[in-house]
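Enquirer: Could you build all of it, start to finish, from the sequences and the hints given here?
What follows is the residue order along each chain.
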Amino acid sequence: MLRLDRVSAGYGRAQVLRALSLEVKAGEILCLLGRNGAGKTTCMRAIMGLLPLMSGRIWLDKTELSALAPHQVPRTGVGYVPQGRRLFAELTVAQNIEIGLMARGSGPEVREEVLDLFPRLRERYHQRAQTLSGGEQQMLATARALCLRPKVLLLDEPTEGLQPSMIAAIREVIVGLRHKGVAILLVEQRVDAVLSVADRVAFIENGQGGVVMRAEDLRADHTIIDRYVGV
Amino acid sequence: MDLGPYLVLATLEGAVTAAVLALTAVGLSLVFGVMRVVNIAHGEFFMLGAVIAWALAHGLSGHPAVGFAVALVVAPLVVGALAVAADMTILKRLDYDPERTIVATIGLLYIIQQLTLMGYGPDARPVAAPFNTRLAIPWFEKGAEGWQMIWPWGLGTTSYKLAVIAAAVAVLCAVWALMARSRIGLVMRATQSDREMALAFGIPVERVYALVFGLGAGLAALAAVLIVPIQQAHYLMGADPLLLSFVVVIIGGLGSLPGTVVAAVLIGLSDGIISVFFSPTLAKILATLLVGLVLVFRPQGLFGKRGG
Ligand SMILES: Nc1ncnc2c1ncn2[C@@H]1O[C@H](COP(=O)(O)OP(=O)(O)OP(=O)(O)O)[C@@H](O)[C@H]1O
Ligand SMILES: [Mg+2]
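These protein sequence lines map, in sequence, to chains X and C.
Note that the first sequence ends on residue 234 in the working numbering; no numbers are left out.
Note that the second sequence ends on residue 299 in the working numbering; no numbers are left out.
Take these hints with a grain of salt, some might be off.
These stretches of chain C come out as covered by chain X in the derived footprint (C-beta under 8 Å, 3 or more residues) [stated by the list, open to error]: (1) 172 to 182; (2) 194 to 205.
The list that follows gives simulated cross-link-like pairs (lysine-lysine, DSBU-like), each with its CA atoms no further than 35 Å apart [said to hold, decoys possible]: (3) X:Lys65 / X:Lys28; (4) C:Lys152 / C:Lys133; (5) X:Lys183 / X:Lys28; (6) C:Lys83 / X:Lys65; (7) X:Lys154 / C:Lys152; (8) X:Lys65 / X:Lys183.
It is worth saying that the hints were derived from the structure and are not from the lab.
Bear in mind that the values here come from a model prediction, so they are computed numbers and not experimental data.
All residues carry an ideal CB built from backbone N, CA and C; glycine is no exception.
Expert: Printed below as a string of structure tokens:
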């Protein structure tokens, strides 16, 4: 479904991604593992078109995302939950949701569906996003992306700083989306969490793709994880 | 006549200044708030509005009200379209970089000013007000047989000045409704909050920027059309509104629209009152001094958020 074909990108002259190739299939959770600064966030920004590519292409099915203007990428059905949430801080929960619905012209039934997943957001509906707790902000960031009814969902450390029950809730949502056939690209630091939810794991080091392995094989053999992520 | 009637007169004059200033400054504030662009050419968009109003008033025959009514609609649209073109050809190419756009808009200021000088000339030219009834204002005085109503000589205003105030209030309400209640306002505020995330949620940021820049310039042009029957059109008339708009935007808090309006009323009224009782220069000195004090003691402005 989502395919990165030898993508190189960076900031100014500093190259971060070096001919990175990846593929996420429909109904699959692919986890991107790598050290701090390996280029995971940069990879997601490149997919969203927020960073000009130096070379390579990005495809969503038959659509070349890398040929679109940045604001057209989400309209093809790519939802993004960025690292650090990046909510529209001065806007209310309702308005953040509204922006998410606008992107692909989703109707009110999508809003209800999404709010049913995160009932807490209903209680805080008219509160400004910046006054939400960290966990509530993460729920809103996820909800906002789900309002696009995404075919592909990019999640950059969605459980950063959350309590275990919240992590479980977010995880449940992600697994539910997989059942619906959404392709999910997940960046996550906590290896145990990754292995319990991912179908495949791709390692990224120095902006380059390494091996891609099935999660169940990694569960049996931890050495490769130690090599790429280091402890 | 004692102090009271003078004060009423000065307040009315100040209210007209405040009304026009609020429109101009809200335009500047909107552009800065959403785009983070400090538009040095804002005063020139104001000036263009006045010059276009003169051209239309002279070009169209008939009652002065006809030319004026046309100018009220056409001048902001033409100036807005010009600003959109400047945005797409200049600011967009600079990637809206905060520093380089300052230099670019300084350049734009001189280009607009000199082209106007070449085309329109160095003269100040008047535009007739569409209506201009003199209205006397009554005053109350304690006489021999108690309080009585008198009509002091010189205490009065014109129907046009009152209309300027009313029009400015109406337009400001419309801008507020646009920002706070409409979909496009929501999109603008989302863009202001986080440009990249706006893109990541399908908002065509470049089109929003072009619209905001056009809207900001259009507001300045509208303000100029309103004031030109009182002030005359001149190719250098953009300097004062630019300075005062910056004063107002800094005092009100960068990017805060309510703050901008409150500061415009404050500066406009004090400008009117100080000008009547002392001198216009003193009014400008005090306003600039106030900016200095605000920058030192409350850099986020009276209504701005700290670190915002
Ligand atoms: N805006 C930027 N300008 C210049 N360099 C940047 C910028 N953003 C990131 N980088 C650099 O790109 C490299 C990759 O950063 P990136 O954020 O993709 O890492 P990451 O894998 O997401 O790390 P983390 O696990 O800490 O989130 C880093 O060396 C970083 O310093
Ligand atoms: Mg990261």
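Enquirer: All hints, please: hold or fail.
Expert: Status of the hints after comparison with the structure:
A count of 5 residues in the region 172 to 182 of chain C with a Cβ less than 8 Å from any Cβ of chain X is obtained; the coverage claim is therefore met, three being the minimum. A count of 3 residues in the region 194 to 205 of chain C with a Cβ less than 8 Å from any Cβ of chain X is obtained; the coverage claim is therefore met, three being the minimum. With a CA separation close to 13 Å, the supplied pair X:Lys65 and X:Lys28 stays within the 35 Å bound. At most 35 Å may separate the alpha-carbon atoms for a hinted pair to count; C:Lys152 and C:Lys133 meet this at roughly 29 Å.
Of the pairs offered as hints, the one joining X:Lys183 and X:Lys28 holds, with about 12 Å between alpha carbons and a cut-off of 35 Å not exceeded. Between C:Lys83 and X:Lys65, the direct Cα distance comes to roughly 31 Å. Compliance with the 35 Å bound is thereby established for this hinted pair. With a C-alpha separation of about 59 Å, the suggested pair X:Lys154 and C:Lys152 falls outside the 35 Å cut-off, and the hint is violated. Proposed proximity of X:Lys65 and X:Lys183 is supported: the alpha carbons are some 20 Å apart, at most 35 Å.
Violated hints amount to a single one, hint 7; each of the other numbered hints is respected by the structure.
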